[in-house]
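There are 4 protein chains.
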Amino acid sequence: MKSTIGVGLIGTGYMGKCHALAWNGVKAVFGDGPRPVLAHLAEVDGQTARRRADEFGFERATGDWRELIADPEVEVVSITTPNAFHAEMAIAALEAGKHVWCEKPMAVALVDAERMAAAAHRSGRVAILGYNYIQNPLIRQIGHVLGQGTIGRVNHVRLEMDEDFMADPEALFYWKSEASSGYGALDDFGVHPLSLLQILFGPVARVFAHLSKPYADRPTADGARRSVETFDIASILFELSGGISGVMALDRSAWGRKGRIALQIFGSKGTITFDQERFNEFQLYVTSDKPAEQGFRTILAAPQHPPYDRFIPAPGHGLGFNDLKIIECHELLRRIAGEPARVIDFDTGLGIERAVHAMARSHREGRWINLDQEA
Amino acid sequence: MKSTIGVGLIGTGYMGKCHALAWNGVKAVFGDGPRPVLAHLAEVDGQTARRRADEFGFERATGDWRELIADPEVEVVSITTPNAFHAEMAIAALEAGKHVWCEKPMAVALVDAERMAAAAHRSGRVAILGYNYIQNPLIRQIGHVLGQGTIGRVNHVRLEMDEDFMADPEALFYWKSEASSGYGALDDFGVHPLSLLQILFGPVARVFAHLSKPYADRPTADGARRSVETFDIASILFELSGGISGVMALDRSAWGRKGRIALQIFGSKGTITFDQERFNEFQLYVTSDKPAEQGFRTILAAPQHPPYDRFIPAPGHGLGFNDLKIIECHELLRRIAGEPARVIDFDTGLGIERAVHAMARSHREGRWINLDQEA
Amino acid sequence: MKSTIGVGLIGTGYMGKCHALAWNGVKAVFGDGPRPVLAHLAEVDGQTARRRADEFGFERATGDWRELIADPEVEVVSITTPNAFHAEMAIAALEAGKHVWCEKPMAVALVDAERMAAAAHRSGRVAILGYNYIQNPLIRQIGHVLGQGTIGRVNHVRLEMDEDFMADPEALFYWKSEASSGYGALDDFGVHPLSLLQILFGPVARVFAHLSKPYADRPTADGARRSVETFDIASILFELSGGISGVMALDRSAWGRKGRIALQIFGSKGTITFDQERFNEFQLYVTSDKPAEQGFRTILAAPQHPPYDRFIPAPGHGLGFNDLKIIECHELLRRIAGEPARVIDFDTGLGIERAVHAMARSHREGRWINLDQEA
Amino acid sequence: MKSTIGVGLIGTGYMGKCHALAWNGVKAVFGDGPRPVLAHLAEVDGQTARRRADEFGFERATGDWRELIADPEVEVVSITTPNAFHAEMAIAALEAGKHVWCEKPMAVALVDAERMAAAAHRSGRVAILGYNYIQNPLIRQIGHVLGQGTIGRVNHVRLEMDEDFMADPEALFYWKSEASSGYGALDDFGVHPLSLLQILFGPVARVFAHLSKPYADRPTADGARRSVETFDIASILFELSGGISGVMALDRSAWGRKGRIALQIFGSKGTITFDQERFNEFQLYVTSDKPAEQGFRTILAAPQHPPYDRFIPAPGHGLGFNDLKIIECHELLRRIAGEPARVIDFDTGLGIERAVHAMARSHREGRWINLDQEA
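Taken in sequence, the protein lines are chains A, B, C and D. When the first sequence is numbered by the numbering used here, its final residue is 494 and no position is left out of the sequence of numbers. When the second sequence is numbered by the numbering used here, its final residue is 494 and no position is left out of the sequence of numbers. When the third sequence is numbered by the numbering used here, its final residue is 494 and no position is left out of the sequence of numbers. When the fourth sequence is numbered by the numbering used here, its final residue is 494 and no position is left out of the sequence of numbers.
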């Protein structure tokens, strides 16, 4: 294996910094794999790019992302720009022979996501999406518990994803309320719980959705009010293969919820629950405990839940949100090295986006949509 | 006001004992109203009836409930028999000029519920249903918080009701898996969250439901297996008047859940959550707290939440499930005395049962059902 | 066994009503034992006594408690007056041949508690104290778990008891701040955690205590301030027999705590925790679970934890604070009937009060006090 | 300010890796300050040193820590070796003109800690200790809440620190059970809660301690058993200046506790609680909320709690244990740059160790020890 890998980073906002921290930390945390060489950083203008490159430890900076993609030292490109740019950048990077690590979702329009998946196929390069929540060692453990049959055959699943950044009805209208940004909570949020379903159970089979608006309009900077075009709330019924029934509720205007992704998995021998707001623990109920002593166990993340052990040798000390990205980065490097890796690549990601668009169609048509027929 | 009221009790199982405890305790707890005279108790046979009458403190016992209804000393009848008997008994009692306190739901078939409501109208007597969860002082407080506008205008509601008495796939087939018992979780459970919606928000406007079976069949006593005819899981989308969107999930095969009725109410200025498994507390998030100090408050039941104060003068000491029935009993006595009372009478209860049947129809037809059109 | 038992009740405040509710409910809940005949009620004046007798269902009422004790129909006397009256009333009742159910603590002065215990011995009657927290079915279950060795050999115990009724520094000075009422949190609260220690582990062996005052003075009605004479906070180290070390913290000025009695029991194979504010659940950690799946189980009260089943046949529905008194009443009746009973009688109660006085002495002398030497 | 700073790291175990991750990440997280140049790493042998240097990104490696200290490129030295080596290494580094970042505690013997503090004074260099828990943005927020008077005047404090790495009685005897390692939980753990007390309230004034052994002996590799010489449990009463009373309980054999550091702070207007096992939240109870709506608020870490915002722009997403070390590293760099910094330097750290030794003396002598008299 090569001892280094050249990294390019496009975008330095929320997720851009998160990628930068991952590239800075991955080798020290895991000890194995190539050393990332932070080669090139692109931002909207050269000056911002240079400042961020200094902060994040990148060698070169540019205001033109095409320069970064043309840089022969760059072997893998982190794309963390707004969703509208993902397709163009990812396809260009893949065509230039780079591996791509692109933030989710793939694109606003399904056709663009399809073009991205096709480009990945043509290129033969690794192309994965930034679904960091699946990297939580406890989500991995939940998958292991399910695989062992500890809670028996699963028959019902519930997911909730809620935050409150759109909860203030008097916050100024901005692009997330415009139809051009997508459906609203459905694509903004829904892809995350869908990524958890995907990694734990595989693709959804059919969906029924209802989208709603908590606020009909919002104030604009000039003192007027503008109609809200997106749906901050989405309520979904679904079925997984094998007839597992499910409920999914999404709300980006849910006061008090900051990063809630609540999961409930019911099986014939037990139940698992999890909440991302306390993501260093999950709950497990099993019927093998004595009847008078049965209860939901709160299990704290520990070295027994790899790769927690790569971060901290002591149990219960807690990983952070940014650590999940370091794990994701390491899985990307494993995939690039041809090793088995826990990633959502462009193919699988396309399936998730198809489910989102099927949900939107279900809402419009007021009926169940079968995903197989949509594919 | 008369200083006593004659009580008859039909049925002495789970709810029968609960009624008996309420009739024994209501005067001592509240201090006001008539003293219940425990006049007559009916059970399936005279011997059982006599034993229970002795335990519960009733004067007379009978194996024939019609005798109880004919007893001139009996002024109000508690009906706590299996659902299939409610209609006949309640109608007979009302026609005999008795007030009726009947356990929920009214009946398996909607037509029977309609007959019960009609009988109540004709009789001019008080006829209420045993929706005890609405009597929790904290549910009353939640209503008060909503009424004060503390969390602003409500835009989204979620409810879950889960228990695990049907969770064991190897438990023997019994009547709750037979179609003659109803739909399954939908009517067995759904009426409870619907009673909370009713008391807090009024009737639901439209519904979409999906029913599912965790287990296709169950063992029978003779070693064979029999197909399950009811749905232990129900997943429902709904809308309240004013466009409030909602999600309701019901599961009577949810391992580890013992008496969960979880409620989440999202408004433009805050959020309320509640779980019946910890029914002496609720959570309130409001945006009027300082930004760096905002969080869900866990509020313990206290004398500030009447009628908690009638049970315990100290805060945080906890009411019990049976205490809710004592409150319900007191509200019944208030209604009989012509005072304002917090009860679900047969008319309102009929609305709840219509919603349940509309949900079942929605499941069969795979489409939204508008409740107005159903009425 | 006699089919009835005549009951007298002295005092109708917080605990008086609690006793009344227990006497009203015990037969209906448990089904067995004699039917309580509510014969006589005493209060400070005849008018109040008559009103309460009507509310609570007592036949006769008096403003002179000695009349009640002289009543030949009264076989057992509930004493729920302020602590200063316990000794005189209990001794008089015992000498009149009545059984006694007296609220805790026995008396302000140790010498009075000793007189009470001596009177009980002389009388040959049953004399027990109102330590209701030990009656919680889950405390019983915790004892069972300990007895089974599930958490191995216990090596460390922590208890906290906190409420906030003395937390407001601007609340008017009242008798609980006067030295004549006792030490403060130590006797007001400390006896409760000590009753739990007693029932689970037996008597404490030695103690070290520190008492403190959150507020030096409090306002009086005339606008002045008066020095506080009691200690609202008590911090205690102790040892149980066998060298089990312990910590106990008591605070009746702890804002936000309403009825907290938190218990942590550490053993060689596991840990148990409990909090009275959520007294329908306890937590159990055992090392026999798989390492990656170990965690504190939250176990909800259920019919498997007798006598929960006597109140409710379904798990997780929750007992109330007043239900604990009904259980205590039933245990009293069992003791009177000569059956094994879970009670703290005057002898055992005296041991608890000795521990309290030893703690106060430790505070004054700044040294460990050995309970054996004190006895 | 110089744009870089040369870093040496001695030790690469638990804390060594934690320091390495901090040095790798601090510039990218905070954006300001010098860029750390990872110059030199020392381990027990050259081969291990070279492997770790490659993993952690250090330029040079050595099996002789004196070489590292002699390296002119090294400006600051991270010392993460076992406690017994701290004094020698820290003094050598300070005498060589390096800044020192040493893990806690300073030394086993108080005299060594005193020598370290003296060396720091002589050198004029920055010398700080690795008390990472004080760096939690929510501990900073708690300090801010206290400073604002939100909970009024504090009158009582409780701390608990519990883990279970010594909980298995059948785990082999190892050096932590030898007297040469120190007192046991007292110095192993106690310094952490003391660092929180220090940062929030200043030094403790007097202490009373009791140390205990859960297990008298432990098995050895040869099948024998060896007496345990240290105390895995410590129970402490203390007073802070101004008469604030406190309780501290430490247990490193507490099954199920993984990283618990529980804090309860009671004031005249409210209460604060915190638990390190859920260190991205704290609880606040204030009396300014309406009586019927008062409750403990659970406040999630958010950008309003700096420097959380440097890691994640969204609230409630969660920092990790290693992130606290990055904050500590940044505070060290600020102190080196002459800016105000939140650190525990050798002087303050010496005060903490004096408190620990006073506690041990209190245990031996069975009396209160006044810290002023000890200093």
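Hints should not be assumed to be uniformly reliable.
Identical copies look the same in the list; a pair holds intra-copy or inter-copy alike.
Straight-line alpha carbon distances no greater than 35 Å define the calculated DSBU-like cross-link-like pairs of lysine-lysine that follow [stated by the list, open to error]:
| hint | residue 1 | residue 2 |
| --- | --- | --- |
| 1 | K121 | K409 |
| 2 | K409 | K388 |
| 3 | K332 | K295 |
| 4 | K121 | K388 |
| 5 | K388 | K332 |
| 6 | K409 | K295 |
| 7 | K332 | K121 |
| 8 | K409 | K332 |
| 9 | K121 | K295 |
| 10 | K388 | K295 |
Keep in mind that the hints were calculated from the coordinates and are not lab data.
Among all the numbered hints in the text so far, which are the ones the structure does not match?
-> 1, 4, 7, 9
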